[in-house]
Amino acid sequence: MSKTKKSTKRGKILIVDDSELNRSLLSDMLEANFDIAEAENGLEACAYLQEHELEISLVLLDIVMPQMDGFEVLAMMNKKGWIKTMPVIMISAETGSAYIDRAYDLGAVDYISRPFDERTVMHRVSSNFMLALKQKEISDMLSTQVYEHERDNRLMIQILSHIVEFRNGESGLHILHVSTFTEMILKHLVAISDKYALSQSDISTICNASALHDIGKMSVPESILNKPGRLTKEEFETMKQHSAEGEKLLKAIPYHHNVALIKVACEICRWHHERYDGSGYPDGLKGDAIPISAQVVALADVYDALTSQRVYKPALPHEKAVEMILNGECGAFNPIVLQCLKDIHEKLKAELTVSSPARDMESIRENVENVLKKSGSSVSDRTIRLLEHERMKNRFYASLSHEVLFEYVSSPEMVELSEWGADFLGMPQKILNPAESALATEIFGEGDFDRFVTKMYQTTPENPIVEEKYLLNIRGAKRWNKVIVQTLWSSDEERPVFEGALGKVVDVDDETQEMQQLEQLADHDAATGLFNHHAAKRRITKLLADAGNKRYALVFFDLDNLKKANDVYGHLFGNELLKAIADRMKSNTRSSDICARMGGDEFIIFMEYQSGLEQQIKRIFECLTKPLGEFDVSLSMGIALAENYRGTYDELFHMADLAAYAVKNGGKNAYRFYSEIADK
Amino acid sequence: MDVKQCYEQIGGDYDDVTSRLRTDERIKKFLLKVADDKSFDLLCEMLDAENIEEAFRAAHTLKGVCLNLSLTRLYKSASAMTEALRGKTEYDDAFTPLLEQVRADHAVTVAGIRAID
Chain A
0 MSKTKKSTKR
10 GKILIVDDSE
20 LNRSLLSDML
30 EANFDIAEAE
40 NGLEACAYLQ
50 EHELEISLVL
60 LDIVMPQMDG
70 FEVLAMMNKK
80 GWIKTMPVIM
90 ISAETGSAYI
100 DRAYDLGAVD
110 YISRPFDERT
120 VMHRVSSNFM
130 LALKQKEISD
140 MLSTQVYEHE
150 RDNRLMIQIL
160 SHIVEFRNGE
170 SGLHILHVST
180 FTEMILKHLV
190 AISDKYALSQ
200 SDISTICNAS
210 ALHDIGKMSV
220 PESILNKPGR
230 LTKEEFETMK
240 QHSAEGEKLL
250 KAIPYHHNVA
260 LIKVACEICR
270 WHHERYDGSG
280 YPDGLKGDAI
290 PISAQVVALA
300 DVYDALTSQR
310 VYKPALPHEK
320 AVEMILNGEC
330 GAFNPIVLQC
340 LKDIHEKLKA
350 ELTVSSPARD
360 MESIRENVEN
370 VLKKSGSSVS
380 DRTIRLLEHE
390 RMKNRFYASL
400 SHEVLFEYVS
410 SPEMVELSEW
420 GADFLGMPQK
430 ILNPAESALA
440 TEIFGEGDFD
450 RFVTKMYQTT
460 PENPIVEEKY
470 LLNIRGAKRW
480 NKVIVQTLWS
490 SDEERPVFEG
500 ALGKVVDVDD
510 ETQEMQQLEQ
520 LADHDAATGL
530 FNHHAAKRRI
540 TKLLADAGNK
550 RYALVFFDLD
560 NLKKANDVYG
570 HLFGNELLKA
580 IADRMKSNTR
590 SSDICARMGG
600 DEFIIFMEYQ
610 SGLEQQIKRI
620 FECLTKPLGE
630 FDVSLSMGIA
640 LAENYRGTYD
650 ELFHMADLAA
660 YAVKNGGKNA
670 YRFYSEIADK
Chain B
0 MDVKQCYEQI
10 GGDYDDVTSR
20 LRTDERIKKF
30 LLKVADDKSF
40 DLLCEMLDAE
50 NIEEAFRAAH
60 TLKGVCLNLS
70 LTRLYKSASA
80 MTEALRGKTE
90 YDDAFTPLLE
100 QVRADHAVTV
110 AGIRAID
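Line by line, the protein sequences are chains A and B. With the first letter of the first sequence counted as 1, position 215 gets the number 214 in numbering that gives the first Met the number 0; the numbers rise by one all the way through. With the first letter of the second sequence counted as 1, position 33 gets the number 32 in numbering that gives the first Met the number 0; the numbers rise by one all the way through.
With the rest of the complex left out, here is chain A:
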């Protein structure tokens, strides 16, 4: 019995066609050799790819489809980068060359026209599948090799430079610091200016080469190198030779003169003690005659020398070192390089405390990633395994917690609910076009879903949390829920793009109800149901602050004869009277007006008015003073107006109180405006 090779995993093919018959015809031809997934329009296909990107080995894509056609799917696959790793074969009865060209332009690898021929379909699918598989294997191999190569390179350079450092009696971190700072400054330099055309790989070469900047010190006698006191003039001259000596040493290496690393290292060795104003050594080069590599390494060298302890000096604090450099106390530098130092000095300071070897490995990884990105390679197997692992973990946790967990994808817009969540909300797990689904139109209140999406777009990668409370209608029951998400952004550091969010919905209805009840209790007067003084004051203060051009009146009154009511008709009647006054206040004012009992027999009404306030007040006064049974209700009322008012509530209240007091003194049972008595 012959066995097929076990090494190739069975691939999975996504068939996208709106005709069920076409899909089953293709799947019938392919299912012996491949796993099959189907989608009946472009939108469904994108949703499927979004979730199963890593499982799909190949896509068979129809062109004419409802919802989202084949070209739009290709465009989306380009936007998401899927097209780079997933071969797409177009299938269509359209054989017009314009169609075919357009599909090829959008990254399709092949084209099968109808009617399907079993052998053709099998052959094209298998060969494209194998091709993609091989490409992936090769790119994995490449990434491993590039990584190892880069790591070995760095290691050799580090060994070499450590020998130099050891002899110099330096900390051992100097080389690493110089390299790190050089990298940070150069990266910032290319970000703020295009004066120096440095690619990512140029920067990496300069950083590697920077490790060799002091290699010439091998030729300086140890007695001078490690002399604690001041160098004599002759000794200093010997010391100065290390820059030219370093270059000489490198140039003496047979062959490889044209290797970028050697060339850049020569520049750096020879010229890292030149100064921008031409006062440096050995050649007295001026301005940009000094290569930018040497300029930046010089700055990094000076900075690290200042902040490190040496036999002849203690370590200076970061701030002091930066200040000295910027003041020109440590030689002349290119203004734009100094600008870089100024911009990133906080980050530099943080770097000082980071353990360097780890950072170095990180930068190797970054480099490898960059190299691979350029060659358009895919993620490695390990990454895929890790992702699958993560996904499994999430599913497991989601299944344990009885909460509505969800993922929001911005484009194509989609919400995916946890299994339990979908069941609870009575929605499908995957909601395409959520803004038009029952989720937005029935579960969320009108406009709330849009508002929430807007809120998510307004977050930043630094501040990605949104937390909002909404009244949700879940299977017929309206309950308060908190929706919490963390938004997700593309990894592009310069211009991150909003990609979606992870979140959950938490029922907070009970807490909210309780809160509202407590507020209700705290704000209301038990006997009358009106606001109490405290609550009224809070509300009025807020209205006054936001008043703008609005005009308000504060009406204050007290009963002239409550005591009599109590004495003659009993306390029960007194309570009834207060309640009746409260009811009359409510039925004669608008719901937006504020009616409150201040305590005892004192009340206020705070209302907005346009014109005809006098009649309004008269009407309210008359209604309030109607007899209650046989009891004649009598009250003293004062009114203060807030028009273009800038004062506080307390002042306004005081005015109304004064007006009411004037009524009380003038015979009771009437109303007066504060403006009438103010002049007297």
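Please keep in mind that the hints were generated in silico from the structure rather than gathered at the bench. Here a beta-carbon is modelled for each residue, glycine too, at the ideal position from N, C-alpha and C. You may find that some hints are simply not true.
[To be verified] Quick list of the computed label-pair ranges, beta carbon to beta carbon:
1) D116(B) - L501(A): 35 to 41 Å
2) E82(B) - E493(A): 47 to 53 Å
3) D116(B) - T119(A): 38 to 44 Å
4) C43(B) - T440(A): 30 to 36 Å
5) C43(B) - E418(A): 36 to 42 Å
6) C43(B) - E445(A): 37 to 43 Å
7) D447(A) - E82(B): 28 to 34 Å
8) L31(B) - S410(A): 37 to 43 Å
[To be verified] Calculated pairs, DSS-like style, for lysine-lysine (alpha carbon to alpha carbon, straight line, at most 27 Å):
9) K11(A) - K32(B)
10) K11(A) - K3(B)
11) K11(A) - K83(A)
12) K239(A) - K262(A)
13) K3(B) - K37(B)
14) K663(A) - K585(A)
[To be verified] Examples of chain B residues lying across from chain A (beta carbon under 10 Å, computed):
15) V16
16) R19
17) R25
18) K32
19) R56
20) G63
21) V64
22) L68
Using the hints, position chain B against chain A.
This is chain B only, laid out in the frame that chain A set:
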């Protein structure tokens, strides 16, 4: 009636379909799907509603289905219908005779398929 006889009766190309789909069994399986396919009904409905864009899509699907199974006669009329509808947005009197032809061919085709043992 076997598959070959059916193809003769409904104006299809038996040799072509066997060269591509290999077995009678498979051909029969998909012919039955053609008989149940709703594209023709959709085409009629959409033309009735004067939704030309959807009508185009339905005709296009029907045409693709016929092509796959080498149903030459129905393919021709569906193809003519598709081309007449392509890019149009409003109802045109020219659609009527084309639809009638599709209707006639579709009836013959479905009847033939149903007659397979």
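Evaluation of the provided hints:
1. Separation of D116(B) from L501(A) is about 57 Å and departs from the stated range, judged on CB atoms against 35 to 41 Å.
2. Between E82(B) and E493(A) the Cβ separation comes to about 49 Å, which falls inside the hinted range of 47 to 53 Å.
3. Between D116(B) and T119(A) the beta carbons are some 31 Å apart, a value that contradicts the proposed interval 38 to 44 Å.
4. Distance hint for C43(B) and T440(A): a CB-CB separation of about 32 Å, consistent with the stated range 30 to 36 Å.
5. Taking the beta carbon of each, C43(B) and E418(A) are about 41 Å apart, inside 36 to 42 Å as hinted.
6. For the pair C43(B) and E445(A), the beta carbons lie near 39 Å from each other, so the given range of 37 to 43 Å is met.
7. About 48 Å separates the C-beta atoms of D447(A) and E82(B), a value inconsistent with the hinted range of 28 to 34 Å.
8. Taking the beta carbon of each, L31(B) and S410(A) are about 40 Å apart, inside 37 to 43 Å as hinted.
9. Straight-line distance between C-alpha atoms of K11(A) and K32(B) comes to about 25 Å, which keeps the hinted pair within the 27 Å bound.
10. Of the pairs offered as hints, the one joining K11(A) and K3(B) is violated, with about 35 Å between alpha carbons and a cut-off of 27 Å exceeded.
11. Simply put, K11(A) and K83(A) have alpha-carbon atoms about 17 Å apart, close enough for the 27 Å limit, and the pair holds.
12. With a C-alpha separation of about 21 Å, the suggested pair K239(A) and K262(A) falls inside the 27 Å cut-off, and the hint holds.
13. For the proposed pair K3(B) and K37(B), the alpha carbon gap of about 24 Å is at most 27 Å, so the pair holds.
14. Taken as a hint, the K663(A) and K585(A) pair is honoured in the structure, with Cα atoms around 24 Å apart against an allowance of 27 Å.
15. A least Cβ separation of about 8 Å between V16(B) and chain A falls short of the 10 Å threshold, and the interface hint therefore holds.
16. With its C-beta approaching chain A no nearer than about 4 Å, R19(B) sits inside the 10 Å limit, and its interface hint holds.
17. Given the 10 Å rule on beta carbons, the hint for R25(B) holds: about 7 Å separates it from the nearest Cβ of chain A.
18. Among the interface hints, the one on K32(B) holds; its C-beta lies about 5 Å from the nearest C-beta in chain A, closer than the 10 Å criterion.
19. Checking R56(B) against chain A by beta carbon gives a least distance of about 6 Å; that is within 10 Å, so the hint holds.
20. For the restraint placing G63(B) at the interface with chain A, the shortest Cβ-Cβ distance is roughly 5 Å, inside the 10 Å limit, so the hint holds.
21. Proximity of V64(B) to chain A holds as hinted, the smallest CB-CB distance being about 5 Å (cut-off 10 Å).
22. This hint holds: L68(B) has a C-beta 7 Å from the nearest C-beta of chain A, less than the 10 Å allowed.
Hint violations for this structure: numbers 1, 3, 7, 10, all remaining hints satisfied.
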